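In case you want the letters, here they are:
Number of protein chains: 2
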Amino acid sequence: MKIDETPWTREEFTQKLRMEEKKYHIFHPFHLAMREGKLSKAQIQGWVLNRFYYQINLPCKDAAILSNCPDRMVRRKWLQRILDQDGDASSEGGIDTWVHLAKACGISEENLWSLHSVVPGVKFAVDAYVHFARTAPWYEAACSSLTELFAPKIHQQRLDTWPEHYPWVDPSGLQYFRDRIKKANRDVEQGLSITLQYFKTRQQQERAIEILNFKLNVLWSMLDAVSLAYPFKMDEHAHEQH
Amino acid sequence: MKIDETPWTREEFTQKLRMEEKKYHIFHPFHLAMREGKLSKAQIQGWVLNRFYYQINLPCKDAAILSNCPDRMVRRKWLQRILDQDGDASSEGGIDTWVHLAKACGISEENLWSLHSVVPGVKFAVDAYVHFARTAPWYEAACSSLTELFAPKIHQQRLDTWPEHYPWVDPSGLQYFRDRIKKANRDVEQGLSITLQYFKTRQQQERAIEILNFKLNVLWSMLDAVSLAYPFKMDEHAHEQH
Chain L
1 MKIDETPWTR EEFTQKLRME EKKYHIFHPF HLAMREGKLS KAQIQGWVLN
51 RFYYQINLPC KDAAILSNCP DRMVRRKWLQ RILDQDGDAS SEGGIDTWVH
101 LAKACGISEE NLWSLHSVVP GVKFAVDAYV HFARTAPWYE AACSSLTELF
151 APKIHQQRLD TWPEHYPWVD PSGLQYFRDR IKKANRDVEQ GLSITLQYFK
201 TRQQQERAIE ILNFKLNVLW SMLDAVSLAY PFKMDEHAHE QH
Chain F
1 MKIDETPWTR EEFTQKLRME EKKYHIFHPF HLAMREGKLS KAQIQGWVLN
51 RFYYQINLPC KDAAILSNCP DRMVRRKWLQ RILDQDGDAS SEGGIDTWVH
101 LAKACGISEE NLWSLHSVVP GVKFAVDAYV HFARTAPWYE AACSSLTELF
151 APKIHQQRLD TWPEHYPWVD PSGLQYFRDR IKKANRDVEQ GLSITLQYFK
201 TRQQQERAIE ILNFKLNVLW SMLDAVSLAY PFKMDEHAHE QH
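Protein chains in written order, with this note's numbering: chain L, 1 to 242; chain F, 1 to 242.
Isolated chain L (complex conformation) (with noise of 0.2 Å):
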């Protein structure tokens, strides 16, 4: 049998990136129960709680890329997304608006950076995805980046569901949902536009579906571990009959 190794045009190789929204954990349970407004109070504390973890790793990560890079254009812009979330002295960056988020969600600032309640499943899949940061070439790494491609729908998703689902989130604090939308579209642009330029062959473009594929293991793996922390209630019917 032949294998045909033809490369994909600029736009198959695109279209074939975006159909891996498929495994998106906008389609993990936890997430599904998440927007229908299943999720408890100590769910969705739980979520925060763990998903800091990935929040305060993200400038770890985006240095790593930095640091790998030898073209200096991509790096004065890959460097705005460690200002994005580390902030400056003049604007907050994603890190203050998740603790906002946080704070919204009635969790102590204290309790929030002791990261007592990150559980390991979370942490073992951050750390892999600041790894390959660190250790892979530096357009493989921005590759990974691009699960962004899916990401405002997400984040949309969350601040059209979460005031009437969980009115006790002071709304104040879906701001970083808001800031993401707007800066993962840009952000995306260039996580597109390097891979269109670094993965020509097809062996390479099917290597980017595997870098895609990787990253998308993180993000599942993260609300895998995150709902087994914090489990299902039987539903109340289920319940009574007990």
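Note that these hints are calculated values from the structure, not bench results. Just so you know, not all the hints are guaranteed correct.
Put simply, identical chains are the same to the list, so a pair is met inside one copy or across any two.
[Said to hold, decoys possible] With a straight-line Cα cutoff of 30 Å, these simulated BS3-like cross-link-like pairs (lysine-lysine) come out:
#1 77 to 182
#2 233 to 38
#3 22 to 200
#4 233 to 183
These numbers come from a predicted model, not from an experiment.
We have chain L already, so just place chain F on it with the hints.
Coordinates of chain F only, in the frame set by chain L:
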């Protein structure tokens, strides 16, 4: 024999660090000759071409430190070094001003960026520095930047002596040296403050001295390699006798 394990006071420790200046490359024969106007055009050009490899690696070195640093407030400040060297859309960075220096010395931009003139000894030394930043604890890597304690003087010396000794260098190209005097003073403040904070015991303090020596060796080795690649000519008299 009892080993003295009493930690140095902040003042003693700072003094011990400053005393390492005696091994700074300002005292290297190649740099002494530079100051005294004894370098040929080929030697000056060779130095500029080779030191460019150090310049373009600094952002990667600083991003590595950032990547390994879990302290967001340190990261926010350290990021400035990357900005200073890479520049951004609105302002030139140290790499740009080094490019201007090269042009002022009659080196084409193509030749400079090709890195063809970078000799192995320079490459090994710079790579060792970047590798250290990637693999050492972030505060050790930060400490290794402390040769900046001695940098303002070396830049000032170049500003003071080049126009007289090397009049063929367009003086507008010396901006890099001017810029670094101010920035080195600011940067060293952060580097010193981290070092004083993270190296507390006598053993740690001695480790800091060792790290500073490693970096002094990087700079010294670079000049060793450059001076061998662009050797001093025999003086005219010796040449006549020959």
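Is the C-alpha distance from residue 77 to residue 182 at most 30 Å within one copy, between copies, in both cases, or in neither?
Both, since 16 Å and 26 Å are each at most 30 Å.
Within a copy, between copies, both or neither: which one fits residue 233 and residue 38 at a CA-CA cutoff of 30 Å?
within (10 Å within a copy, 82 Å between copies)
Up to 30 Å between alpha-carbons, please classify residue 22 paired with residue 200: within, between, both or neither.
within (24 Å within a copy, 52 Å between copies)
Intra- versus inter-copy proximity for residue 183 and residue 233 (alpha-carbon distance at most 30 Å)
neither (36 Å within a copy, 58 Å between copies)
In the structure shown, a violation is registered for the earlier hint numbered 4 alone.
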